[in-house]
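Trainee: Given these sequences and hints, build the entire structure.
Just so we're aligned, residue 33 is where the sequence shown starts under this note's numbering, counting upward by one.
Any given hint might turn out to be false.
As the list claims (entries may be wrong) - Derived CB-CB ranges, DEER-like:
(1) D66 <-> G105: 18 to 28 Å
(2) L52 <-> N132: 39 to 49 Å
(3) L52 <-> K131: 35 to 45 Å
(4) E128 <-> N82: 17 to 27 Å
(5) E88 <-> M125: 16 to 26 Å
(6) H43 <-> V113: 18 to 28 Å
(7) N53 <-> R75: 21 to 31 Å
(8) G114 <-> M33: 17 to 27 Å
Calculated from the structure, these hints are not laboratory results.
Remember, it's a predicted structure, so these values are computed and weren't measured experimentally.
Idealized CB from N, CA, C, for every residue including glycine.
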Amino acid sequence: MLVQVVKSKIHRVKVTGADLNYIGSITIDEDLMDAAGIIEGERVQIVNNNNGNRLETYAIPGPRGSGEITLNGAASRLVAVGDVLILIVYAFMELEKAKNFKPSLVFPNEKDNTLT
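Mentor: As structure tokens, this is what we get:
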């Protein structure tokens, strides 16, 4: 049996941009993606602590060390620059493996979204 568990979480990052005219997705500083084990194109659940919105899109890498967190396309309507988000990625795995699996949890600097 497969179960779905949290694979990765980036906790409390601030929105740095919202671009309605982009095709879609969330742009995430590539350093944050690497730290959390998120790959380009992977589905990401976004929880907005400021307004309660929850949505899903896919990740695209942003410039390393930039702290960029930009919601693109229709998702940009559900955030404001400065909103605090939690980004969550899930994975399916066998039940026995899931019992011992430890997700990658990333807690960036809340001032600039970097790992410093």
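Trainee: If a hint holds in the structure, say so; if it doesn't, say that too.
Mentor: Now for the hints, and whether the structure bears them out:
1. A hinted range of 18 to 28 Å for the beta carbons of D66 and G105 is consistent with their spacing of about 24 Å.
2. A hinted range of 39 to 49 Å for the beta carbons of L52 and N132 is consistent with their spacing of about 43 Å.
3. For L52 and K131, the Cβ-Cβ distance of about 43 Å falls inside the hinted range of 35 to 45 Å, so the restraint holds.
4. Checking the proposed 17 to 27 Å range against E128 and N82 shows it is violated: the Cβ atoms sit about 39 Å from each other.
5. Taken as a hint, the range 16 to 26 Å holds for the pair E88 and M125, whose Cβ atoms sit roughly 19 Å apart.
6. Between H43 and V113 the Cβ separation comes to about 19 Å, which falls inside the hinted range of 18 to 28 Å.
7. Checking the proposed 21 to 31 Å range against N53 and R75 shows it holds: the Cβ atoms sit about 22 Å from each other.
8. One distance hint, 17 to 27 Å for the beta-carbon pair G114 and M33, is violated here, with the actual separation near 42 Å.
When each numbered hint is compared with the structure, violations occur for hints 4, 8.
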